[in-house]
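Visitor: Okay, here's what each chain looks like letter by letter:
There are 2 protein chains.
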Amino acid sequence: VRRIAPYFAELGLPCPVVPTRVGESFEAQLEAALDSGASAFSFTFGLVPQAAIEALRRRGMVVLGTATTVDEALALEASGVDAVVAQGSEAGGHRGTFLRDARTSQIGTMALVPQVVDAVKLPVVASGGIMDGRGIVAARALGAVAVQMGTAFLTCDEAGTPAAYRAAVLAAREDETRVTRAYSGRAARGLVNRFMREVDTGRDDDPILPYPLQNALTRPLRAAAAAQGRSEFLSAWAGQGVRLARSRSAADLMIALAREIEETETRIAR
Amino acid sequence: VRRIAPYFAELGLPCPVVPTRVGESFEAQLEAALDSGASAFSFTFGLVPQAAIEALRRRGMVVLGTATTVDEALALEASGVDAVVAQGSEAGGHRGTFLRDARTSQIGTMALVPQVVDAVKLPVVASGGIMDGRGIVAARALGAVAVQMGTAFLTCDEAGTPAAYRAAVLAAREDETRVTRAYSGRAARGLVNRFMREVDTGRDDDPILPYPLQNALTRPLRAAAAAQGRSEFLSAWAGQGVRLARSRSAADLMIALAREIEETETRIAR
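In the order they appear, the protein sequences are chains A and B.
Each residue of the first sequence is one higher than the one before, counting from 1456 in this note's numbering.
Each residue of the second sequence is one higher than the one before, counting from 1456 in this note's numbering.
The set of hints was computed from the structure by calculation and includes no laboratory data.
In this text, all values refer to a predicted model and were calculated from it rather than measured experimentally.
Careful, some of the hints might be misleading.
Stated by the list, open to error - Partner residues are not named here, just some residues of chain B that face chain A (Cβ under 8 Å, in silico):
#1 Arg1555
#2 Thr1559
#3 Gly1563
#4 Leu1567
#5 Gly1583
#6 Gly1584
#7 Gly1590
#8 Val1592
#9 Arg1595
#10 Gly1694
#11 Gln1695
The beta-carbon is built from N, C-alpha and C at its ideal position, and this holds for glycine as well.
Let's have the full structure, built from the sequences with the hints guiding it.
Guide: This is how it looks when you write it as structure tokens:
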């Protein structure tokens, strides 16, 4: 808290409060998901109980779990999910890693996808660094049946991304992201900024609480930073494909992706 | 030296000697390359002088430089090379990084290749995590005109890979490699083993000399380890695609790759 307090002061916020308990009940979250009417339920950070998977499936939802290594994909398959999302090291946002440490589990998409495809019988969804039609065709070549794109949609008109975050993504280079625990207490890839550099020094004495405590601790800071347009305090999650981010409507992006897939297929066909 | 000496003793070697100068003359190396009769000259760790590029080209060689970021690709293009090798973070062996630090410059192949392709006019060769026909087709989809494969050929009969190294690669998993400076003083990806864990602790007081001094210092250790089949002291460079390594002749691997390329193209064609 002592390390974080000056940032709160800088944004005109009251002193930060160390959360002792964070009210995230799995049951309440699952109930909301079951009532959502969604057609797919995708989760990360581990496994969910078999009873939950069965309840979701009874509502007609496809259930997807996130793996960052082959062992995680095998654990997900054994848990009864319908498909595995293979999350490569390029991916923005939180790492789904749940078996080994986050640093060990940063496998690039090009290497991860075929190794997961060979290991599991389930359909594999590729994620990490996929930003356009070239990436989609590449992921299919590696054996994925679908892709998951995050950063590519962050800068779409409909995304609700704060203006400072959006501008930072559109200006960023591929070597300006890093995996950090500074914002949430869990490893996540985002644009390097002042808060990340100053709080996550990589030394053992980093004053970073475990997730979800650090997440709750920094929430007021992130909210105020978004409202005040201060990108140096935003958790600006983004993947390594940032130079390919485009500012447009989601519909226009989808049309562009379809056209790029066709162009790519034509280019590589012999 | 004090940190390294016990390993020398364990392998029955005389005490290690700190090299003060390492005799690697660029001119002598270039002379050997010019006389080699090779059809391509590929380099890493930076740029080579324009006069050298011109001399190589006069001998009919295609000149390729290695980039781990877009800025490095642009610098190589400006230096006059014929093509750029985009080295993704999955790649085994030494990182070609020469503009920023090695940690910042670990961009996954899926993200790096299209961003380099968009930035330069030169042909781009993809490397990092490409182990079979699926990877080759994926790299072409991303915009590469060719691929460079290292780990895939390490376990071929003709490779000259020491037996202990070969066995370690064939047994390794995708999450058992790491980028380390322990063996050579320069960042390189290899299989995690005892020497790497004990010497490269990630702390600031790591007793690692700069390249090529550390490389010369550890050379007798690596040679003795290879001779004695002690894989814990080998610099077992390997990429993150290790689960896909196959033990066969190079000719059989080439035939398999050609077949897999066709299978992949057929699978993704609609």
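Visitor: All the hints need checking, so say for each whether the structure fits it.
Guide: Verification of the hints:
With its C-beta approaching chain A no nearer than about 6 Å, Arg1555(B) sits inside the 8 Å limit, and its interface hint holds. Taking 8 Å as the C-beta cut-off, the interface hint given for Thr1559(B) holds, the closest approach to chain A being about 5 Å. A hinted interface residue such as Gly1563(B) counts as satisfied when its beta carbon comes closer than 8 Å to some beta carbon of chain A; here the least separation is about 4 Å, so the hint holds. Interface hint at Leu1567(B): satisfied, since its Cβ lies 7 Å from the closest Cβ of chain A, which is below the 8 Å cut-off.
For Gly1583(B), the interface hint holds, since its Cβ comes within 8 Å of a Cβ in chain A; the closest pair sits about 6 Å apart. Look at Gly1584(B): its Cβ gets to within about 3 Å of chain A, closer than 8 Å, so that hint holds up. Below 8 Å, beta-carbon pairs count as interface contacts, and Gly1590(B) has one with chain A at about 6 Å; its hint therefore holds. Taken as an interface hint, Val1592(B) checks out: its beta carbon lies about 4 Å from the nearest beta carbon of chain A, inside 8 Å.
Checking Arg1595(B) against chain A by beta carbon gives a least distance of about 5 Å; that is within 8 Å, so the hint holds. Evaluation of the Gly1694(B) hint against chain A yields a held restraint, the C-beta minimum of about 7 Å falling below 8 Å. Of the supplied interface hints, the one on Gln1695(B) holds, with its beta-carbon coming within about 4 Å of a beta-carbon of chain A, less than 8 Å.
Going down the numbered hints, you'll see the structure goes against none, and every one checks out.
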